[in-house]
Amino acid sequence: MASSSSCSSCMLHRGLFVPKEIENRNRVSMFNDKSFSVSADLAQSRILVADQKSMKWNQTQKFSLKNPIKCRALEIDSAPSFTVGKKFQLDDVIEAQQFDRDILNAIFKVAREMENIEKNSSGSQILKGYLMATLFYEPSTRTRLSFESAMKRLGGEVLTTENAREFSSAAKGETLEDTIRTVEGYSDIIVMRHFESGAARRAATSAGIPIINAGDGPGQHPTQALLDVYTIEREIGKLDGIKVGLVGDLANGRTVRSLAYLLAKYQDVKIYFVSPDIVKMKDDIKEYLTSEDVEWEESDDLMEVASKCDVVYQTRIQRERFGERIDLYEEARGKYIVDRDVLRVMQKHAVVMHPLPRLDEIAVDVDADPRAAYFRQAKNGLYIRMALLKLLLVGW
Amino acid sequence: MASSSSCSSCMLHRGLFVPKEIENRNRVSMFNDKSFSVSADLAQSRILVADQKSMKWNQTQKFSLKNPIKCRALEIDSAPSFTVGKKFQLDDVIEAQQFDRDILNAIFKVAREMENIEKNSSGSQILKGYLMATLFYEPSTRTRLSFESAMKRLGGEVLTTENAREFSSAAKGETLEDTIRTVEGYSDIIVMRHFESGAARRAATSAGIPIINAGDGPGQHPTQALLDVYTIEREIGKLDGIKVGLVGDLANGRTVRSLAYLLAKYQDVKIYFVSPDIVKMKDDIKEYLTSEDVEWEESDDLMEVASKCDVVYQTRIQRERFGERIDLYEEARGKYIVDRDVLRVMQKHAVVMHPLPRLDEIAVDVDADPRAAYFRQAKNGLYIRMALLKLLLVGW
Amino acid sequence: MASSSSCSSCMLHRGLFVPKEIENRNRVSMFNDKSFSVSADLAQSRILVADQKSMKWNQTQKFSLKNPIKCRALEIDSAPSFTVGKKFQLDDVIEAQQFDRDILNAIFKVAREMENIEKNSSGSQILKGYLMATLFYEPSTRTRLSFESAMKRLGGEVLTTENAREFSSAAKGETLEDTIRTVEGYSDIIVMRHFESGAARRAATSAGIPIINAGDGPGQHPTQALLDVYTIEREIGKLDGIKVGLVGDLANGRTVRSLAYLLAKYQDVKIYFVSPDIVKMKDDIKEYLTSEDVEWEESDDLMEVASKCDVVYQTRIQRERFGERIDLYEEARGKYIVDRDVLRVMQKHAVVMHPLPRLDEIAVDVDADPRAAYFRQAKNGLYIRMALLKLLLVGW
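Residue numbers (my numbering), protein chains in the order written: chain A, 1 to 396; chain B, 1001 to 1396; chain C, 2001 to 2396.
Think of the hints as simulated: they come from the structure by calculation, not from any bench. Incorrect hints may have been included.
As the list claims (entries may be wrong) - Okay, derived cross-link-like pairs now, DSS-like style, lysine-lysine, Cα gap no bigger than 30 Å in a straight line:
id	chain 1	residue 1	chain 2	residue 2
1	B	K1335	A	K172
2	C	K2119	A	K128
3	A	K128	B	K1119
4	A	K286	A	K265
5	A	K335	C	K2172
6	C	K2335	B	K1172
7	C	K2109	B	K1128
8	A	K335	A	K286
9	A	K172	A	K128
10	C	K2280	C	K2308
11	C	K2280	C	K2348
12	C	K2128	A	K379
13	A	K172	B	K1282
14	B	K1286	A	K172
15	A	K128	B	K1379
16	B	K1119	C	K2128
17	A	K172	B	K1379
18	A	K128	C	K2280
19	B	K1243	B	K1270
20	C	K2119	B	K1128
21	B	K1128	A	K128
22	B	K1265	B	K1280
23	C	K2308	B	K1128
24	B	K1172	C	K2280
25	A	K109	C	K2128
26	A	K286	A	K308
27	B	K1265	B	K1109
28	B	K1172	C	K2379
29	C	K2286	B	K1172
30	A	K119	C	K2128
31	C	K2119	C	K2238
32	A	K119	B	K1128
33	C	K2348	C	K2335
Just so we're clear, the structure is a prediction, and the values are computed from it rather than from any experiment.
Build out the structure end to end from the sequences listed, making use of the hints.
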């Protein structure tokens, strides 16, 4: 969501200016003084507060769910309690870097509430009346189903595009910006997957509604990064002081790169890199960790690393990155396998994680061990996405 | 929707005969005298009234939304007020030609109500319990999302087929008629896009439920035509007396052809055709306009036309129509561009429209001008489709 | 649904053991004595009863629909009436052979109730809050739409995957078991179509939620078999003592094979096989019928068979099975056509059935005859699927 389509600044810094085109649509300006301005977005049933200092839009949820059928214009008068400038706000989810430790904690708290919602009732109606568009320029069934399940578990509705690249007007040469401006007319939030790095940010700049990046090429996949960190906290009980072994394809896996980035926000974290030579972790992440005082080391001894770590994070060697060098792929893929031997040296409280899909880098007989956390990890993706949808659509 | 599968007459003229097969399914005949017959469609929760004179089915909405769970058979007794022969009825939406000026006005009035519904509440439940099937034999993400959003904004549900041509039993040789008769068993209304001209009419003849044509090959795309006219009225405030410049690919664009056709229903309209020689407006439309006393002229001066018009309707040169003659395409596409120079000569109240997707026939820096109406136009498609779904499913 | 992912036994025989991993998720053990154990599945809002003797899970619906928002944990205390071991239970729908006559009757009774629900109200809310995933590894638009319509007619929601084979992580080499364990985290029931025989059973063994087989390769398509038998009962009024002619491609059609299998469960059934030599019914079914004392004969006289039968079940000659031998296909396809001549010799109460899609093996002018039951048969698929979804999700 951007406050102006011509503004290409960071999506976390918004000016006070409400462009005519957006005002025309749904918003009525309510008041505007030196410290903040308020406008009510009638269509989205939320009040937008622009704090002069932080230049951020803040949305409150005060009146959003009480009587969903009732005219909001009336309710605004009788429920004028805004949260101004104090609480952080979420306009879009574009990259792992946008989250600091406080925001992560806040999101995780909501994710925990979502676990209860999903488990204890026949479905929430928190997002009833809201419509999410899944605009996928490359297929990713797993991610798409996770988002769509999250939306529907909260009572929301979904418009699906499974293969927008091939099918849509994009094939006729339409720009992403134009597509976004059309689709935002049909929905309240867009979950986008794209084959180009930076596409999600471009979309957010054009859009008047929230954008969630569900992966943009070799770039970012922030909800995966969030669910990984959330899973570590849920499984191990803490993030400060943990030891994490990142194993497998560390060169091409955006998952492990984002995870390393987020772990750097916590105290006394130690990271081990275990990978075939051909797919070693790149220098940029290593330098970043060093600059953030995060201890890391490379190792070629999976057993030793596994015996020390709280988390063994295994990844798939991505065949698609090797092109015709099948020989190199075959050499790399068999090198570090998590099997019962690895489990044997792991600590009792430690867990094995994996972003899935897995091939044989984790042996199937590991699944039955309680420390095999990867399917719970996948399920945590649902809770994280429920939390983000709630936060973006109705606020805290 | 047809009253008989063997009847191939116009979908706006229906006989009194209710075939056994349809009666079997959901309808009970209620009474039948010289002036009209009445049957209640229990599954569709509407009463069908066949007026002897006009030979049209008319559906009333009297008892449709009050107590949706309650047995309709009972309600029929206590709410026997039918509208007979007075109000026009809508059974299917097949082609732009089926609408006269009165019907257009009536639809536009409902579309305005839909704008309010979409903007002011957390979603209507007018179509709760209704199921729309989108049967797309060729992909059109934009149109499909617009219809599905319209249905869901009104509380209805959707069954989606994004690529029926490749996937369905059509690949095994099933006729369209058989497919329709199967799908109508699963849904309450079918929105169909097809690659063959006339397919929608064939479907309507077979179907016992309403059909909306979402484009059939080079043939018709009536909801696009309706939203274009609706947009002109919304933006300019009137339709009589307007001046419209149709620009770009006038030979292949069914949009501009349908628009010219519908504009002929209004008074004192003046149409300008501005196009490269290779894609000039065809004679059939010119002759039709002349026969309807609509003034038109061809021009190769976009600036002059733009300075006189209320609406500059730009279209994309369709590369796919040029085959291997890329040279001709390249020559044609650069000829008439709407840019800031064109905006400068346009009147203050005038607007630029475009059916989208656009390539570079409208410069991106035009977007910020309030006269750039094309994204509002796309949004109007939502309101028109909401209106049509409401009218076809629950009546006026 | 399996009680353990490592247990590969028949899905109708379940042990008492509730694996930790499932307990962790949603179930709390309630009590466990010599005769049965009870655990409450909080997420699925049902109580699972494991009868020691039959080793089957039994689910009751006592507390499932009353107050869907209310916490189930509380309700369990106040509604402790279980059905133990008496009523049959349905965990998965994998193959036609799993149903005996009593179960078929019970399902058909629920299907009749579903007809009323579909016809007389604006939609049921029986499955509100439940989420069905359609995981289709090969496209089958007809079957998919039928299941999705069934779910939505009962107020449930759907996650769709139209072409899981090409799109999903399966393309990256993920096993079916892993896919199922991920998708079950996003949904309450999985409807699966697969290109490999036995895939549905493998899925059911992995899954902690119910699986419905919507066709697995040349293997089974049990819901088609159920709807066929249901249609015969609905149209003819009985199943004992009926005469059925199976016509067309009897070698490749899994439909006719399953139907023959199920008909053997009834008394005094007589089956006629009428097919081109190249696609005759295989010996395994003939031997099975003989072993079950079902009378059958082969005939090459369609007229004579049609004059004797209650049901003429026509099928399509499947071109895709003939490879390059188009000549053999052409010879076979024209041999037995159901046309008005066949209708003329058929009895007044008899019906023509066909699993659809049809090509020209039934002449189009047969459609208008009331004995043409194939579109009603397709519609019955909706009722059968509604019934199965209800039974699997909320019980009897």
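Going down the list of hints, with the structure as the test:
Distance check on the hinted pair: B:K1335 and A:K172 sit about 19 Å apart at the alpha-carbon level, within 30 Å; holds. Annotation: proposed proximity of C:K2119 to A:K128 holds, straight-line Cα distance about 26 Å (limit 30 Å). Of the pairs offered as hints, the one joining A:K128 and B:K1119 holds, with about 15 Å between alpha carbons and a cut-off of 30 Å not exceeded. This hinted pair checks out: A:K286 and A:K265 have alpha carbons roughly 14 Å apart, not beyond 30 Å.
Under the criterion of a C-alpha separation no larger than 30 Å, the hint pairing A:K335 with C:K2172 is consistent with the structure, at around 19 Å. For the hint pairing C:K2335 with B:K1172, the CA-to-CA distance comes to about 19 Å; that is within 30 Å, so the pair holds. With a C-alpha separation of about 27 Å, the suggested pair C:K2109 and B:K1128 falls inside the 30 Å cut-off, and the hint holds. Taken as a hint, the A:K335 and A:K286 pair is honoured in the structure, with Cα atoms around 22 Å apart against an allowance of 30 Å.
A C-alpha spacing of about 35 Å is found between A:K172 and A:K128, which places the hinted pair above 30 Å, so the restraint is violated. A hinted pair counts as satisfied when its Cα atoms are at most 30 Å apart, and C:K2280 with C:K2308 qualifies at roughly 20 Å. A distance of roughly 28 Å separates the Cα atoms of C:K2280 and C:K2348; the hinted pair therefore holds under the 30 Å criterion. For the given pair, C:K2128 sits about 22 Å from A:K379 by alpha-carbon distance, which is consistent with the 30 Å threshold.
A C-alpha spacing of about 24 Å is found between A:K172 and B:K1282, which places the hinted pair at or below 30 Å, so the restraint holds. Under the criterion of a C-alpha separation no larger than 30 Å, the hint pairing B:K1286 with A:K172 is consistent with the structure, at around 29 Å. Only pairs whose Cα atoms come within 30 Å are accepted, and A:K128 paired with B:K1379 is accepted, the gap being roughly 22 Å. Between B:K1119 and C:K2128, the direct Cα distance comes to roughly 26 Å. Compliance with the 30 Å bound is thereby established for this hinted pair.
A hinted pair counts as satisfied when its Cα atoms are at most 30 Å apart, and A:K172 with B:K1379 qualifies at roughly 20 Å. As the CA atoms of A:K128 and C:K2280 are separated by approximately 55 Å, the hinted pair breaks the 30 Å bound. In summary, the hint linking B:K1243 to B:K1270 is supported, as the alpha carbons are separated by about 5 Å, within the 30 Å threshold. For the hint pairing C:K2119 with B:K1128, the CA-to-CA distance comes to about 15 Å; that is within 30 Å, so the pair holds.
Annotation: proposed proximity of B:K1128 to A:K128 holds, straight-line Cα distance about 13 Å (limit 30 Å). Restraint check: the Cα-Cα separation between B:K1265 and B:K1280 comes to about 22 Å, which is no more than 30 Å; the hinted pair holds. At most 30 Å may separate the alpha-carbon atoms for a hinted pair to count; C:K2308 and B:K1128 exceed this at roughly 47 Å. Between B:K1172 and C:K2280 the CA atoms are separated by roughly 21 Å; this keeps the pair inside 30 Å, and the hint holds.
For the given pair, A:K109 sits about 27 Å from C:K2128 by alpha-carbon distance, which is consistent with the 30 Å threshold. In summary, the hint linking A:K286 to A:K308 is supported, as the alpha carbons are separated by about 20 Å, within the 30 Å threshold. For the proposed pair B:K1265 and B:K1109, the alpha carbon gap of about 17 Å is at most 30 Å, so the pair holds. Pair hint B:K1172 plus C:K2379 holds up; C-alpha atoms about 20 Å apart against a cutoff of 30 Å.
Restraint check for C:K2286 and B:K1172: the C-alpha separation of about 29 Å stays at or below 30 Å, so the hint holds. Our distance criterion of 30 Å between C-alpha atoms is met by A:K119 and C:K2128, whose separation comes to about 15 Å. As the CA atoms of C:K2119 and C:K2238 are separated by approximately 23 Å, the hinted pair is consistent with the 30 Å bound. As the CA atoms of A:K119 and B:K1128 are separated by approximately 27 Å, the hinted pair is consistent with the 30 Å bound.
Restraint check for C:K2348 and C:K2335: satisfied, since their Cα atoms lie roughly 24 Å apart, inside the 30 Å limit.
Of the hints listed earlier, those the structure fails to meet are numbers 9, 18 and 23, in rising order.
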